[in-house]
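**Student:** Chain residues, written in single-letter form:
There are 2 protein chains.
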Amino acid sequence: MNSRALPAPEDPSATAESSHLPLTPVGAGEDPYLERVRDHIRTLPESGIVEVMNYGRDRPGMIPLWAGEGDVATPSFICEAAAAALHAGETFYTWQRGLPELRGAIARYMARTYGVPENPDRYFVTGSGMQAIHIALAMAVGAGDEVIIPSPSWPNAAAAAQKAGARPVYVPFAYGKDGFSLDHERLAEAITPRTRAIFLNTPANPTGFVATHDDLKAVLALARRHGLWIIADEIYGRFYYGEEARAPSFHDVMDEGDHILFVQTFSKNWAMTGWRVGWIEADPRLGQVIENLIQYSTSGVAAFMQRGAVAALDQGEDFVAQQIARARKGRDLVADALIATGKVDLVKPPGAFYLFFGIEGRSDVRSLGLTLVDEANVGLAPGTAFGPGGEGFMRLCFARGDAQLAEASRRLVAWLTGKGLSGAGTA
Amino acid sequence: MNSRALPAPEDPSATAESSHLPLTPVGAGEDPYLERVRDHIRTLPESGIVEVMNYGRDRPGMIPLWAGEGDVATPSFICEAAAAALHAGETFYTWQRGLPELRGAIARYMARTYGVPENPDRYFVTGSGMQAIHIALAMAVGAGDEVIIPSPSWPNAAAAAQKAGARPVYVPFAYGKDGFSLDHERLAEAITPRTRAIFLNTPANPTGFVATHDDLKAVLALARRHGLWIIADEIYGRFYYGEEARAPSFHDVMDEGDHILFVQTFSKNWAMTGWRVGWIEADPRLGQVIENLIQYSTSGVAAFMQRGAVAALDQGEDFVAQQIARARKGRDLVADALIATGKVDLVKPPGAFYLFFGIEGRSDVRSLGLTLVDEANVGLAPGTAFGPGGEGFMRLCFARGDAQLAEASRRLVAWLTGKGLSGAGTA
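Chains as they are written, first to last, in full-length UniProt numbering: chain W, 1 to 427; chain F, 1 to 427.
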């Protein structure tokens with residue numbers, strides 16, 4: 001447990017998806033110089049993946065499956081569109097809500113993917129999905145408020161809530177033979193007079209949970225009843241391994257006038273993690289508020305980057321389809337191999353691109369991460385990095401090529417079956 | 001006065017430097033849908049320049065001198081470095097504190113410009129100078145705190161303080177025949193038990209004020225005495241028209257251990273306004289806190305953009321020198337012409353790239369901005385957009401080419417002398 005995270009009731013030990021975070025402890029009272037930093041900022045949690053990353057980063061031949069990032073660079077048609085705009089001199093201040101061309105492209109993409117009316121006024125370009133979350137939380141919560149977050153979860157949402165002065169309240173997923181599911185009773189019980197928002201990520205990182213339409217209707221009913229915002233993180237919506245072309249979405253069940261803020265990113269679908277471009281979708285009545293929040297936090301996104309994003313949306317459908325097919329194949333390849341050992345507690349996830357699984361007899365996943373670096377030369381993230389409910393699990397990202405995943409599976413299977421469950425201690 | 005800005009004691013009527021902000025009023029209670037937005041966010045002020053921009057934007061032949069932006073696109077050596085990195089696949093997550101190469105380049109730049117030790121650990125790359133301000137304020141202030149800001153001032157600092165839940169407290173500059181100066185007595189009197197920071201911009205937008213070393217020492221002494229942060233916005237430090245190569249800086253007077261956060265940007269020196277890249281300079285002990293704040297607000301800056309920034313620092317000195325020489329020439333060209341009419345109250349500014357001046361008999365600068373669009377076809381920003389003390393002034397940006405500035409001067413002089421002071425009403 002992270003004793004520094006004083007404002008949060010549970011452990012928000014945070015994890016970044018980015019891959020180069022040094023591990024420097026910052027504690028209240030640790031250095032008098034830091035005492036002048038506001039408490040809720042000084043006690044923001046650090047990444048919980050960092051330890052194993054730092055431990056394993058420089059190992060020769062290491063296969064890193066710890067981050068939420070694929071191994072494919074941004075396709076060249078996207079890069080070329082951005083470079084052309086850069087060379088054409090699109091280097092001046094631009095629209096705070098995003099280029100009209102990009103807002104139009106997003107509206108077309110959303111219309112064809114979600115069957116919603118094509119309305120550019122609903123979309124606001126942000127400097128990353130993370131900034132979309134930051135802006136959504138800034139509107140929804142302030143000092144002393146509470147945000148409900150099903151857990152385990154991507155820790156940046158909880159940390160961003162804390163940054164806004166609010167308190168993340170974790171509601172653990174139920175877990176059974178069919179994998180993770182929402183516990184609607186506990187969700188309802190977690191609501192207090194200070195609750196202002198529910199943050200729902202579906203398909204979910206790290207669990208692979210995918211909300212059903214009934215789940216979404218129930219959460220929406222709860223939010224309506226209590227006057228709460230829903231912050232809907234559906235960034236993995238296309239990475240769905242059911243029969244349909246995409247996962248169920250709040251778009252399918254909401255009415256106009258619902259208080260839902262959708263956060264989105266170009267990172268995963270179009271292999272643009274490093275670009276830091278995303279969008280927030282909201283009722284157009286929030287337009288000026290969102291514009292102000294963009295203005296006073298980063299003042300917009302480079303126009304030349306937005307030209308790349310337009311190309312991604314308008315010409316990227318084949319690329320996205322390939323990425324999803326590759327992820328599905330990767331999921332089956334690794335999951336089947338691990339399940340066959342009989343040594344893992346693993347339910348194939350219906351969405352996102354992570355396996356989240358337990359290894360028989362190994363409950364201390366923090367040290368297990370280091371052990372796997374030493375003994376299997378594979379990098380996984382410990383479930384404890386994802387908050388309450390993550391104990392006993394490891395996260396493995398399968399958004400990578402066949403060859404690498406096959407080798408990683410071979411190593412993990414050899415370790416699970418050859419070395420047995422007693423394992424060697426951590427180095 | 002902006003009656004919506006409830007949390008602030010004075011009028012923080014805000015202005016963006018960016019140039020395309022629509023004017024949509026957002027008021028408490030105006031639309032019930034907005035009532036669920038936190039008060040201090042819903043009441044964030046909008047741009048005060050927007051009205052005149054919207055009024056004049058599409059006029060044929062209009063010369064727009066209202067924004068804080070030059071007319072030169074980013075030099076090609078910078079664009080090429082970024083494009084090369086983009087094509088080379090630098091599109092993955094990267095260091096949250098910035099590329100080590102860029103932090104090193106910043107350290108070299110600061111060492112040769114300010115004579116400080118070359119220490120990359122002091123510099124953290126941000127997604128704009130605006131984000132640097134956002135991060136500095138997040139560390140320094142929270143709900144209920146106060147930030148002292150000499151005024152008139154660039155309104156984004158005050159708005160960002162409000163966004164952080166704090167209250168901007170304006171201390172008007174003194175104004176006399178030598179231009180604007182800090183009123184140290186009023187500065188000291190403005191401090192309350194809730195004061196946590198002083199935000200000082202020098203050279204200043206919009207006034208052209210440049211703090212002397214004695215000013216800086218006095219502010220630093222005040223901050224030390226009361227345990228306050230100083231947020232030092234010295235982004236126009238090179239745009240200085242005195243004898244020395246740059247304006248006085250807190251770097252010249254501070255000691256190790258002082259609580260000073262420097263915010264910086266690539267926008268002005270290297271004509272990179274649209275890129276949204278800057279940095280924050282701080283004591284390395286704040287490194288993990290700053291990294292966390294970057295992580296939980298935007299999760300870093302695109303590596304390929306940072307490659308462009310490295311090129312700017314390492315190869316951009318000639319370009320910066322040209323920019324400064326051009327601005328000095330532009331200042332003299334326009335200021336001399338206006339002063340010669342005898343109709344303006346204008347002191348040549350010692351720094352930054354704005355004239356901030358009054359026109360005899362015209363105190364209603366908001367309508368004057370519209371009148372000048374109609375009758376002189378020149379776009380200036382009303383001083384009221386810059387908070388208390390801006391009444392009666394207009395802001396003119398002279399970071400533009402000779403030909404355009406000469407034509408703008410000709411038009412303004414003709415209007416001032418030909419049409420006389422009675423002027424026509426606004427359209």
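Do not take every clue at face value.
Said to hold, decoys possible - Partial pick of chain F residues on the chain W-facing surface, computed with a CB cut under 10 Å:
no. : residue
1   : R38
2   : T113
3   : H184
4   : A302
5   : R410
6   : V413
7   : T417
Simulated from the structure, these hints should not be mistaken for lab results.
Where a beta carbon is used, it is the ideal one built from N, C-alpha and C, also for glycine.
**Student:** Hints first: check each against the structure and report whether it holds.
**Tutor:** Going through the hints against the structure:
1. R38: holds, 4 Å
2. T113: Hint on T113(F): violated, closest Cβ of chain W at ~23 Å, above 10 Å.
3. H184: Given a least distance of 23 Å, the restraint on H184(F) is violated.
4. A302: holds, 5 Å
5. R410: violated, 25 Å
6. V413: violated, 28 Å
7. T417: Hint violated; T417(F) Cβ to chain W Cβ min 33 Å, cut 10 Å.
Hints 2, 3, 5, 6, 7, counting from the list given before, are not met by this structure.
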